[in-house]
Amino acid sequence: MIWVDTIAQGVLLGGLYALFAAGLSLVFGIMRLVNLAHGDLIVMGAYLILLLVTLLGLPPFLAAAVAMPLMFCIGWCLQKFLLNRTLGDDILPPLLVTFGLSIALQNALLEGFSADSQRLPTNAMTTASFQAGPISLGVMPLLTFGSAVLVIIGLNQLFYRTELGRAFRATSDDATTASLMGIKPANIFAAATGIALVIVTIAALYLGLRANFDPNVGPARLIYAFEAVIIGGLGSLWGTLAGGIIIGVAQTVGAAINPEWQILSGHIAFLLVLLVRPRGLFPRAHD
Amino acid sequence: MALLQTIALTAHYGDFQALFGVDIEVSEHETIAIIGANGAGKTTLMRSIAGVLKNAAGAVRFDGVDVGTLPAEEIVTQGVAMVPEGRKLFPSLSVEENLLIGAYGRKGGGYWTLDAIYDLFPILGDRRHNPGTALSGGQQQMVAIGRALMSNPRVLLCDEISLGLAPVVIKDIYRAVPKIKKSGASLIVVEQDIAQALAVADRVYCMMEGRVTLTGRPESLNRDAIHDAYFGASK
Ligand SMILES: Nc1ncnc2c1ncn2[C@@H]1O[C@H](COP(=O)(O)OP(=O)(O)OP(=O)(O)O)[C@@H](O)[C@H]1O
Ligand SMILES: [Mg+2]
Chain A
1 MIWVDTIAQG VLLGGLYALF AAGLSLVFGI MRLVNLAHGD LIVMGAYLIL LLVTLLGLPP
61 FLAAAVAMPL MFCIGWCLQK FLLNRTLGDD ILPPLLVTFG LSIALQNALL EGFSADSQRL
121 PTNAMTTASF QAGPISLGVM PLLTFGSAVL VIIGLNQLFY RTELGRAFRA TSDDATTASL
181 MGIKPANIFA AATGIALVIV TIAALYLGLR ANFDPNVGPA RLIYAFEAVI IGGLGSLWGT
241 LAGGIIIGVA QTVGAAINPE WQILSGHIAF LLVLLVRPRG LFPRAHD
Chain B
1 MALLQTIALT AHYGDFQALF GVDIEVSEHE TIAIIGANGA GKTTLMRSIA GVLKNAAGAV
61 RFDGVDVGTL PAEEIVTQGV AMVPEGRKLF PSLSVEENLL IGAYGRKGGG YWTLDAIYDL
121 FPILGDRRHN PGTALSGGQQ QMVAIGRALM SNPRVLLCDE ISLGLAPVVI KDIYRAVPKI
181 KKSGASLIVV EQDIAQALAV ADRVYCMMEG RVTLTGRPES LNRDAIHDAY FGASK
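Chains A and B, in that order, are what the protein sequence lines are. Once you know that position 45 of the first sequence is 45 in my numbering, the rest is easy, because the numbers rise by one and skip nothing. Once you know that position 65 of the second sequence is 65 in my numbering, the rest is easy, because the numbers rise by one and skip nothing.
Calculated from the structure, these hints are not laboratory results. Just so you know, not all the hints are guaranteed correct.
What the hints assert, rightly or not - Here are the computed lysine to aspartate or glutamate pairs in the DMTMM-like style, where the Cα-Cα straight-line distance is at most 25 Å: (1) A:K184 / B:D66; (2) A:K184 / B:E28; (3) A:K184 / B:D63; (4) B:K107 / A:E163; (5) A:K80 / B:E96; (6) A:K184 / B:D23; (7) B:K54 / A:E163; (8) B:K54 / B:E96; (9) A:K184 / B:E73; (10) B:K54 / B:D23; (11) B:K54 / A:D173; (12) B:K107 / A:D89; (13) A:K80 / B:E73.
Unchecked claim - To give an idea of the chain B side of the interface with chain A (calculated C-beta under 8 Å), a few residues: (14) F20; (15) D23; (16) A50; (17) V76; (18) T77; (19) K88; (20) P91; (21) S92; (22) L93; (23) E97; (24) L100; (25) R106; (26) S151; (27) I194.
For every residue, glycine included, the Cβ atom is placed at its ideal position computed from N, Cα and C.
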């Protein structure tokens, strides 16, 4: 029966990885841009929330809500004034620029906040847990997982029910033809990255509530996010959730066998899925 | 006065020059056809007018205003829409979404709505929820035309709307042209099929190697003149 609990914990952990990954998946799906600074943007979001908590005395959830529009603007400007210039037939410039951005962000955070590890304040409610049969469910992992599902439902609604979503899909299919419809691809991309950073803020909230963070933990988050996106199938949002869950379950099961195997077994699960399905679980029909 | 006009329009792909000073014009409610062999520069001309290719200032005038340097997304908002060569439907979008996205840059109301498009091409109404790319070639062409009409254009550019279609299907599609004209739009129709072009157009331009080699009303053009303008003088 311990296995049921282990797997349940893994599924819930997968929600956190899906949150790390959803913004990456969104941006990749729309503009084929791999943002190597994604993990550092999550860490930056966590510091922004921390700043709002300490300066304004806001509770973390409220601070995250305040941070969201700020992060949207940061994402919008980042895409419009920097990343759009790197897009083109050559895939190297966006990789180089976002790699540079990753390093610059880490150093800026180090300069501004020192290397001390930080944590967002938690209270009794968020650290509580309760028993459901053989499974012990923490409120925080449940909230994380629920948020991940809501984010993905929300993004799907946005994609398939709104005019902006239609423009996202059309631009992703063919930016030149989209411009013939009156769509400005540069602005569509900016909106997409803005929305990605709103999701990053949610990921940052749970990152900061669940564990310590310091300016250098971004790249490790990026790895999990990447793995979730890739085994889910590039650009598929539900696939990203599935990918996150697979990595989460592999990690908790691995850790149950031997605590030293936690990280490794996540990576092995990633490789195994790729071996069986090189294009991921839910690849897009066309690309 | 011309509604849309190109003035000494040139176009380049890198070092290669595809258009050498093209002057064409279309008046309000007029339909012109552009004919010419493969590689003559017809699509390049359409892409230049639509703003997909960068032009010199003053090379394209629309409604008395220089639009030569405007990007594609502003050209369509001004009232010039294009049915691109090869249809270029969005594979991620259903038939209806493909039509709706055509209205993205539209300013204000006008004749063309979803209902008006389904009235023009009833088969699209039946297939509105299918992916655009699941349709037959002719139906896809109807979607591409409907999508461009959804912006309520004053000038509609049609680049080889008969390409790769069976004669009966081509007839179906060209049956829509009088209705499109009646909605008030001017048309620029690019055609490889000379008979079709002559039948539909008020005036015809023939292009060869990036230049206009012949222009006139269909009834004033004889076969030999068209042949020469198409392939170069035979002697
Ligand atoms: N993207 C491109 N890059 C380089 N050269 C191009 C490009 N597109 C067209 N050309 C060249 O420009 C010239 C004009 O091509 P264009 O497509 O305008 O001709 P067309 O009259 O539309 O021909 P078709 O009847 O085959 O559609 C051709 O010589 C073609 O090879
Ligand atoms: Mg052509």
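Now for the hints, and whether the structure bears them out:
no.	hint	result
1	A:K184 / B:D66	holds, 20 Å
2	A:K184 / B:E28	violated, 28 Å
3	A:K184 / B:D63	holds, 23 Å
4	B:K107 / A:E163	holds, 15 Å
5	A:K80 / B:E96	violated, 30 Å
6	A:K184 / B:D23	violated, 29 Å
7	B:K54 / A:E163	violated, 28 Å
8	B:K54 / B:E96	violated, 31 Å
9	A:K184 / B:E73	holds, 6 Å
10	B:K54 / B:D23	holds, 17 Å
11	B:K54 / A:D173	holds, 22 Å
12	B:K107 / A:D89	violated, 33 Å
13	A:K80 / B:E73	holds, 17 Å
14	F20	violated, 24 Å
15	D23	violated, 24 Å
16	A50	holds, 6 Å
17	V76	holds, 5 Å
18	T77	holds, 5 Å
19	K88	holds, 4 Å
20	P91	holds, 5 Å
21	S92	holds, 4 Å
22	L93	holds, 6 Å
23	E97	holds, 6 Å
24	L100	holds, 7 Å
25	R106	holds, 7 Å
26	S151	holds, 7 Å
27	I194	violated, 27 Å
Hint compliance for this structure: hints 2, 5, 6, 7, 8, 12, 14, 15, 27 are not met, and every other hint is.
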